[in-house]
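Sequence order for the protein chains is S, R, D and B. Anchor point for the first sequence: position 157 equals 139 in my numbering, and the numbering is continuous, going up by one each time. Anchor point for the second sequence: position 84 equals 66 in my numbering, and the numbering is continuous, going up by one each time. Anchor point for the third sequence: position 508 equals 973 in my numbering, and the numbering is continuous, going up by one each time. Anchor point for the fourth sequence: position 276 equals 741 in my numbering, and the numbering is continuous, going up by one each time.
For the record, the hints were derived by calculation from the structure and aren't laboratory data. Every residue, glycine too, gets a C-beta built ideally from N, C-alpha and C. Check the hints yourself; a few may be wrong.
What the hints assert, rightly or not - With the Cβ distance kept under 7 Å, some of the chain B side facing chain S (calculated, not the full set): (1) ILE511; (2) HIS717; (3) ASP720; (4) VAL1038.
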Amino acid sequence: MLNQKDYTSSYTPTWCPGCGNFSIYPATKMALAQLGIEPHRVAMVFDIGCSSNGSNFYHLYSFHSIHGRALPVAEGVKLANHSLHVIADSGDGGAYGEGISHFVHSCRSNIDMTYLVHDNHLYSLTKGQASPTSNRGMKTKSTPYGIIDQSFNPLATAIINGATFVAQAFSADIPGMTEIIKQAIQHRGFAFVNILQLCPTFNKINTLDWYKQRVYKLSEAGHDSGNYTQAVTAATQPSEKLPLGILYQIHKPTYEEGIPSLSQMPLVQRSVDRIDITESLKTYN
Amino acid sequence: MLNQKDYTSSYTPTWCPGCGNFSIYPATKMALAQLGIEPHRVAMVFDIGCSSNGSNFYHLYSFHSIHGRALPVAEGVKLANHSLHVIADSGDGGAYGEGISHFVHSCRSNIDMTYLVHDNHLYSLTKGQASPTSNRGMKTKSTPYGIIDQSFNPLATAIINGATFVAQAFSADIPGMTEIIKQAIQHRGFAFVNILQLCPTFNKINTLDWYKQRVYKLSEAGHDSGNYTQAVTAATQPSEKLPLGILYQIHKPTYEEGIPSLSQMPLVQRSVDRIDITESLKTYN
Amino acid sequence: MDENNFNWKIGGEAGYGILSIGAMFSRAMLRAGQCVFDYAEYPSLIRGGHNTYEVSVSPKPVYAVRRPIHVLVALNQQAVDRHVDELADDAFILFNTDNAKVGEGVCKPSQTVIGIPFEELALKSGAERVSRNTVALGASFGILGAGMQLAKEVIELNFSLKKKDAQVAVVNVAAAQAGYDFVKKQLKKPGRYSLRIQSKPGRIILAGNDALAWGAIKAGCNFFSAYPMTPATSILHTFAAQAPKYNLVVKHTEDEISAIGCAIGAGYCGVRSMTATSGGGFALMTESLGMAGMVEVPVVIVESMRPGPSTGMPTWTGQEDLKFILSASQSEFPRIVMAPGDVEQSYQYIQSAFNLAEKYQSPVVVIMDKYISASHKSVDPSDLKNIKIERGQVVTENELADSPDYLRYVDTADGVSPRALPGMKGGMHVANSDEHNERGFSEEDAAERARMMDKRYKKQAAMAKEIPAPEIEGESHAELTLITWGSTRGAIQEAVAMLRDQGHKINFLQIAYVSPFPAEKVKDVFKHAKKVAIVENNKTGQLAGWLREQTGLSPDFKILKYDGRPFFAHELVATIKELL
Amino acid sequence: MDENNFNWKIGGEAGYGILSIGAMFSRAMLRAGQCVFDYAEYPSLIRGGHNTYEVSVSPKPVYAVRRPIHVLVALNQQAVDRHVDELADDAFILFNTDNAKVGEGVCKPSQTVIGIPFEELALKSGAERVSRNTVALGASFGILGAGMQLAKEVIELNFSLKKKDAQVAVVNVAAAQAGYDFVKKQLKKPGRYSLRIQSKPGRIILAGNDALAWGAIKAGCNFFSAYPMTPATSILHTFAAQAPKYNLVVKHTEDEISAIGCAIGAGYCGVRSMTATSGGGFALMTESLGMAGMVEVPVVIVESMRPGPSTGMPTWTGQEDLKFILSASQSEFPRIVMAPGDVEQSYQYIQSAFNLAEKYQSPVVVIMDKYISASHKSVDPSDLKNIKIERGQVVTENELADSPDYLRYVDTADGVSPRALPGMKGGMHVANSDEHNERGFSEEDAAERARMMDKRYKKQAAMAKEIPAPEIEGESHAELTLITWGSTRGAIQEAVAMLRDQGHKINFLQIAYVSPFPAEKVKDVFKHAKKVAIVENNKTGQLAGWLREQTGLSPDFKILKYDGRPFFAHELVATIKELL
Ligand SMILES: Cc1ncc(C[n+]2csc(CCOP(=O)(O)OP(=O)(O)O)c2C)c(N)n1
Ligand SMILES: Cc1ncc(C[n+]2csc(CCOP(=O)(O)OP(=O)(O)O)c2C)c(N)n1
Ligand code: SF4
Ligand code: SF4
Ligand SMILES: [Mg+2]
Ligand SMILES: [Mg+2]
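So that you can see chain S by itself, here it is in the shape it has in the complex (with noise of 0.2 Å):
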């Protein structure tokens, strides 16, 4: 039987106390345990930030990317070697702000991965600037008079550009969250989770009590993730509703289903040497 420290390495974390990460790092370690899934089988791409500071925590194979890149490092590991699990692992400001070009395109693609987005609303590494997630009016470092914007809607996003699978969990809900991030990873195609998380040190808006007023569990609202419609509606409530739970989830063919020289291997176990092109360059005359 697996269990939480196959997954954990030498390196202690440095989460603020009380920080929302030092529960999305259990959930998703029980996760992977629960469902028996071999440290080594796994690839997790991290982005930079204080949640991706989590790639030194991991005992699995890590990648520290680059902010806002780890969708695009984990598409190639799962294109490279589709019998990995990959879980790509990002702040709202890598997802939703540098990298939103590949969260979007990742959804369409319903390539098989897991992301899970540590949305505490806030870019917290860089101590505390407004992210895509913030509420407008909030007032941080980079918008000290509040935001103008209107906040980013990840999981209506997702869901109207082809996701596949759409949750939505509460890093002080550990128990939910670890349900959700296991069928994320048991799901496949493009499996998204926005994990709504708390930064004691810097949101001091977005507090435990804040989510606790907001938050709703779908599986009790008598919600069908089966159902577009209703997906379509839970995600786009004002922010005074906030969904938890499994938005949405259908079955359609992934990405690597979609590609033929995958289908009988992962490709990095093809072998490169003895390929024969002579026929090919003979056309070219």
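Dock chains R, D and B with the ligands against chain S, hints included.
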């Protein structure tokens, strides 16, 4: 009275015969003329692509920027001189591929400008590769065995992320398109028009006939563009139904209106001389 | 009589099918047993603007496009006006009487001017007006007096590749025949430039991008991610088309950042991966290039240059990105930069790029430009050298089981740390873009930091040892030594030969591996050279700058060109003669 | 007795408030009438890891952080262990008895070790455990024997700036007092390092980023768009905070590509615009940098460096991006690159950056690094030089009315073409990233292309003429001439002074305007120098490379450091003495 010629440069358009750009171009000029906006009051920022070669054909403040980056440049223009009418103009590749991040974030900001996207479902200047809006299964030079990804949904993405004017036009319907562009220019806030554009040279799938079987006018379908749910529904139909007209329009403060420094005059009019920072420096004691 | 030795050119409006008919002519010449080099000019527009295609033909290898033009087909007035100065004194000019004229005194009396109603002939043959280009092909064959068989072959091949209806080929063959017959009738004396069909020696015709793509496939590169950008795009097309046959994964990504990110992800997993772009796209890749350097992931990046700055002249040629590539991305890390000089080198060096990338766990940038990427050259397949595949150091699961304390970034004598690939039991580690220790954990200690910088730079020393030094080519005891890089090689080869015929001894050094720089070899060349000139397709002399930085030496002359056109051999000859 | 002449350092865990208490100490010293230079080290983590803050204090200007440390406050065991080697023989060590100990023999008998229960004292004073840092501040004042008044002042100021409840300040003052009293009681003899409060000469204390931001505001820069990235972020914070007061538009964009795009759009409209980032963000800006070069738009880009490659060591310092910046973006275009060497220069040169950007319609890159960006230095406001604003050539609507055939890119003697700004009647044109003709239309003709390249490069010649040549500073007839750039200036100033005191004549050349390169001046310096050493905070000697490329010259020595730390003067002194 202004007319098309006032916005026409001495450079002969180089689009292919039958190209939809040959319709979007006069429609845009007519819209400007009918609104009585003098050419020097218009800054139009282009991308790189067939459509954006139009930068040479307009007589106004034309900025031929780089691929995917029309919006950032246009935003800078608007914020520097918000007395100008600013139009950003891009192909679907530039708008939804290379530049999609700016698209989503400009919607959020509701900055007052018009965004015209020439959506020919293809990368045409580079001779025919898949674009984010190309239909699934389409065979292009970069996807000779068919596109795997679901196509990107620009209309819904704009609506759910804060654009206050979202419309779709069709290059083969010049009067309809002219009217929509006029309304887009008149709208205060981020006005986005996806223009379904014919590319007879490379796009042999999405032809005039193909579109004729799919387009319908929202105005004739009893659509209420002030209704968010109706708008989202219209935007998320299967691709057999292509709505034309204004999907969504609401009135919200613009980004510039949220900036106190712009309330009195355009930024460019502020004098840079005799700025006195003495008192501020003293606080560093 | 210049049998099988002539330069042909066709010019007309964009939309006239100049590029496709030019390629067909090239191919027909190849099939006639000749050597071929071609070069096309066209603006960054789909229609409008002026297009040309020229093909240099010879029984012996052609290394660059040659001038003057012996046979010009002018499908419109511009083609007459713009190219009349490029003609040989005894050239043939076939012009389009449907839309152009050749005024009096425009051509020399020694030149033969034939007016042809290209469009009328097309229509008469049952083809459409656009088949004027096929008429032109037939007319060209009429001049060359070699029968219509090969023209017919390439026309049929062309339409079958395009999956057109058989009838289309039939009417086009008829159109070509009409052109052929028309010229035959007009031609008073037999053409001075003629084609004699020789037995096919098995040559093929490849553009640099074709050769590079096939070299990569041959080398086992089965992952390719890219975003289209002229002049690199055709690599994407080739890979995409070959995907099922060669079990490739090809991804047209949403942007260049994703393209290189995917390639790095794949390279990290142990797959040979590549991306290709031009300068603007490369700019977007620079941040990730540094990630590959830091994380020590093998990846091959093709940068096919076009004139800039910025969007510049997308469909033209230049060698302006060298310095950018050499120092792209923040901070310092070793990288390999190579620039093939011709089709054969493109095929060969791309293979070595993969070996070097994997052996040194490093990004490798392969520099091309529009001229080498897009120009076709006939090659003998036996000149396409295959390089032994070397995959660098990768641990095995058994080794990992034996020594459980695996250190991904272990500090070794040559700086190379054996890789564990994702999926291997016992090889878990952090592949880290942060500065890290041997284990891969983020590390900020001063001594460890300096040690890891040193470890990475040890690889540079090792690379420098492995990379072959450039060799002097051409005459020994030369009056002048040219130093160059990339596609300029061809024009220099041609020029050196022309100057040899004129009694001048010139030799040259093509620096194919630009980084690490072969400083010792170059110093040695300077020591022995009478005079040195650097030849580059840019304004500021970028190789000259890099060379000076690396050696302190300056050439006696810089021969620079930055008008978007490649060097032509005859220009080089003229310039060099002024320097002698 | 070293009155008012000491180096103080505090160390502890991230989360202990080291950075905030260090800044308060700096400020208190400033208010005591002293000169100050400070320097903080902290990892790229919000918690965990080790943080330090050191402040060098003197009645005379301090140009860089000084060693050895005279007063060390060690809030945990690591702070003892790591910094004990940095201490003066007669140093004071205040360590935290709540979690650390100073073992026997760890300190020298000549050093004074005082154990303090920082946390206990905080709690006892009614504050929370986190106020251990305020206790430390009080304790430090106890050592310095200068009363508690200034400590109290800065504590109150700190909490009022943070808009904290008044009561918070009260308990913290009490905590500081407890620390003060505790030390006073322990101290057997009066401290060797003492502070005498002097009348305030009106000095202020600024980090390089502060000075740069205020210089920019003063110069009329009212548009700032950026994406946060250490160590450039505080410029964004300053601009954002000052927006309403100075009528600035400040946009935190979705990424760096948008940041520079916005700045270019604003610059095009005639607004003075700026963006700021570090190497990784700059990499993303490179494509747009070339656009600014081609379209000829003024824009100022601040690149504050940190050690790489890639993410590297985000909160540390280095000078590793010079070569990247010099040749960033495809192709070739003139650019101005400058690197201020201290706080005063940051304030001054940023102003000249705006003048140059507008006069030459060109991107200007201002290079900073973490050391200069984040270290605070006390300055005399009168040393903050204001530069006359020059806005470059802009046409007027009247002029446009008079000469209706406006040519945006008219080819002039110095390459500068007067701008028409959007909104001006009659000035419509294409601002074109394609190669273009004088009118701005896309152009691919060979001669026009070469002409426009030449036109742009004429601007480089003009820039080179305008840019001030660097000057030798320090002793004449020196035994050794140091050449450097950027923040290394400060350590060199200190080292030169120390060496002078030891009887050595050293001088130095700080190359502040790195591009266009002052080749003639540098050649001249080499000619007159006995020996030349280049001092740089990187591994490969980037300035040395650039200098050699530009002049062919190589220094006798390269003094390089690439461990993420700045040069310390005492290190430099030791290294230089080995070379003499
Ligand atoms: C290209 C680039 N730009 C900026 C940065 C600086 N940076 C590091 S983390 C970060 C944002 C962190 O926010 P988020 O992604 O939400 O992660 P969090 O720290 O909140 O977990 C930024 C802007 C960077 N590393 N690279
Ligand atoms: C950074 C960068 N990448 C790639 C290109 C090459 N490129 C030019 S236009 C274009 C796409 C054109 O497609 P679209 O935007 O849809 O415009 P269209 O030609 O269809 O009107 C591309 C990929 C470029 N100019 N810059
Ligand atoms: S700053 Fe916020 S997100 Fe970062 S570690 Fe601390 S609590 Fe967590
Ligand atoms: S290729 Fe297509 S989009 Fe481009 S000009 Fe021709 S028809 Fe228009
Ligand atoms: Mg965050
Ligand atoms: Mg398109």
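How the hints compare with the structure:
Evaluation of the B/ILE511 hint against chain S yields a held restraint, the C-beta minimum of about 5 Å falling below 7 Å. The interface hint given for B/HIS717 is met, as the beta carbon of that residue sits about 4 Å from the closest beta carbon of chain S, less than 7 Å. Because the smallest distance between the Cβ of B/ASP720 and any Cβ of chain S comes to about 5 Å, under 7 Å, the interface hint for this residue holds. The beta carbon of B/VAL1038 comes no nearer than 36 Å to any beta carbon in chain S, farther than 7 Å, and the hint placing it at the interface is violated.
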